[in-house]
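These protein sequence lines are chains A and B, in that order.
Note that our numbering numbers the first sequence so that position 159 is 159, with each residue one more than the last.
Note that our numbering numbers the second sequence so that position 87 is 436, with each residue one more than the last.
A couple of the hints might just be wrong.
Claimed, not checked - Facing chain B, a subset of chain A residues (Cβ under 8 Å, in silico): (1) L53; (2) D57; (3) Y77; (4) V85; (5) A91; (6) G94; (7) F104; (8) E108; (9) F309.
As the list claims (entries may be wrong) - Heads up, simulated EDC-like pairs for lysine to aspartate or glutamate below, C-alpha to C-alpha not over 16 Å straight-line: (10) A:K136 - A:D122; (11) A:K6 - A:D67; (12) A:K55 - A:E73; (13) A:K81 - B:D492; (14) A:K112 - A:D122; (15) A:K55 - B:D492.
If you're looking for bench data, these hints aren't it; they were derived computationally from the structure.
A virtual CB, placed ideally from N, CA and C, is assigned to each residue, including glycine.
Residues per chain are reported as follows:
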Amino acid sequence: MGVEVKVEGLTKSFGRQVIWSDVSLTLPAGEISVLLGPSGTGKSVFLKNLIGLLKPDRGSITIQGNDLTKLSERKLYEVRKLFGVLFQDGALFGSMNLYDNIAFPLREHTRKSESEVKRIVDDKMEMVGLAGTERKLPGEISGGMRKRAGLARALVLDPEIVLVDEPDSGLDPVRTAYINQLFVDLNQQIGATFLIVTHDVNTARTVPDNIGLLYRRHLAMFGPREMLLSSEEPVVRQFLNAQRQGPIGMSEEKDVGELEAERQAGYEMPPLPPIALQLLPTDGQVRAGQRPPGAWCQANGVTPPPGSFQDPPGVAGSAGNARHAQSSGWTKPAGRADDDTLALPRVEG
Amino acid sequence: MSHPAWSASTTHTRRPERELMASEPITGGLRTAGNLFSFGLDTVVSLPRRPFQIREFIQQAWFIASVTILPTALVSIPFGAVIALQLGTLTRQLGAQSFTGAASVLAVVREASPIVTALLIAGAAGSAICADLGSRKIREELDAMQVLGINPIQRLVVPRVVACMLIGLLLNGLVSVVGVSGGYFFNVIIQGGTPGAYLASFTALAQLPDLWSAEIKAVIFGFIAAVVASYKGMNAGGGPKGVGDAVNQSVVITFMLLFFVNFVVTAIYFQVVPAKGS
Chain A
1 MGVEVKVEGL TKSFGRQVIW SDVSLTLPAG EISVLLGPSG TGKSVFLKNL IGLLKPDRGS
61 ITIQGNDLTK LSERKLYEVR KLFGVLFQDG ALFGSMNLYD NIAFPLREHT RKSESEVKRI
121 VDDKMEMVGL AGTERKLPGE ISGGMRKRAG LARALVLDPE IVLVDEPDSG LDPVRTAYIN
181 QLFVDLNQQI GATFLIVTHD VNTARTVPDN IGLLYRRHLA MFGPREMLLS SEEPVVRQFL
241 NAQRQGPIGM SEEKDVGELE AERQAGYEMP PLPPIALQLL PTDGQVRAGQ RPPGAWCQAN
301 GVTPPPGSFQ DPPGVAGSAG NARHAQSSGW TKPAGRADDD TLALPRVEG
Chain B
350 MSHPAWSAST THTRRPEREL MASEPITGGL RTAGNLFSFG LDTVVSLPRR PFQIREFIQQ
410 AWFIASVTIL PTALVSIPFG AVIALQLGTL TRQLGAQSFT GAASVLAVVR EASPIVTALL
470 IAGAAGSAIC ADLGSRKIRE ELDAMQVLGI NPIQRLVVPR VVACMLIGLL LNGLVSVVGV
530 SGGYFFNVII QGGTPGAYLA SFTALAQLPD LWSAEIKAVI FGFIAAVVAS YKGMNAGGGP
590 KGVGDAVNQS VVITFMLLFF VNFVVTAIYF QVVPAKGS
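Taking the hints into account, I'd like the entire structure generated from these sequences.
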């Protein structure tokens, strides 16, 4: 039921160019985390470091007592079986049809009979809504379907950690909403630790339990969603609200002159928008990582922006609210760290 | 937004390795050579590792054979003919017509057939392997494979290398036969040589070790071509253009390596195996 991933002091550079340095964060077991960042801040590079496709210059990545950065090649292949990774374009094998693609890990790593493989593959294809497309080749289907097929393949070995690289790139908002809901449902069903890398603010606001922000070659902040969504820190605020006003510029960061000009123009950052409700599993179950809305704010004496934790206007009824209210009377599942330690704010820079 | 800032950041974002190589041409070149060598070693180490991918091996062997057999045969006929024409004239000038067949066999078996094999293996098989692996690389298929706990060297490269070696071996035999037949045809039919003299002198100069050395050469060429193509393919980068560049470089590098190795192996051969009658 999910394992913890502990990253300490991770630094990566290509040649003389530092991608990011001294990144430390802990992905809590069984929770959904999102890693945000402007384009070109090395989010995908971070993901590749996590699975050992790239070697960091310094730092450690600890999973179940193994430091991934120091493992031998052979051991690394063993540890990788804990992971399910969804690449940007699904990364399906172009020469195989969808069924063979999804069956591939089972056939390579297990001695399951072909009928058993079929049962598992059918089950996963059903889960991502691809039943009936088994014989299609990856070149014959749409990008959204490729992503879902990639997800099914990532899930077939029952991973403990699911890493997702930009689930929303190249998808329309409706499909993005569906795939986001799928992540929440999957997290509830299989209890794996999720890390989603994205720059889609809407995904970041509604899906995760924890949010991290990579900016200017370091991790600006990592913590529970309410901590970041109510944060006054200019970079976090600017990014999570997708504004032009703030320290992030078009190319990288704005220079001093530009910021000065902005301040002299008398521009105040707009007020924080209300914190939206988190997506809930569709079947009404409570996820292990889920916290009642507003709990972090309450525990840390932060007043959330007005209008927070309410259904957006126009959503008929308050079924969502009722379910959230239910989960407010929610008890801590066993094996979870104390809220206080989890809520420990890690603010840098 | 100022333009210089934009362009500065875009040059920074991608292809750091390319930059590195441009700034340090010598160490960059050495590093590539070292990486290629270690890639070859990795392949050799992975060779005996179970499970051997028999299916992939058969598919690849079939594929390589299908793209090389016809061009090889078509190249070796004029190759044998040219040698026959040259030797036919030369032997007449020297007054040694009876040795036309002997010299022709010697030239075809010892040199022409490994060279033709090398050209075809590098040009047809190597470019196909490099393009295949390169497109898998840029579609992140290789990353996905590694993440699924499968070593692409063992799963994809080893079967291709073994298939290339086998097909190299077989192609060499094909070139020898077709080349000698072509030589016979041109010498006897076109130049009016005597069939008996041509056939009788076959073993006058050539000996069995000539054939063995040619076959060993072909196997080595197959190995080198497949390793270079796989290495270049698996390190392709920068989108579809990167794959095109990789294929181009792989063919050029393979040609240079093969001709050099051919020279080295030939030099060793003459030290080890004494020429007939000397």
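field: Structure-inconsistent hints, enumerated in ascending order
entry: 2 and 9
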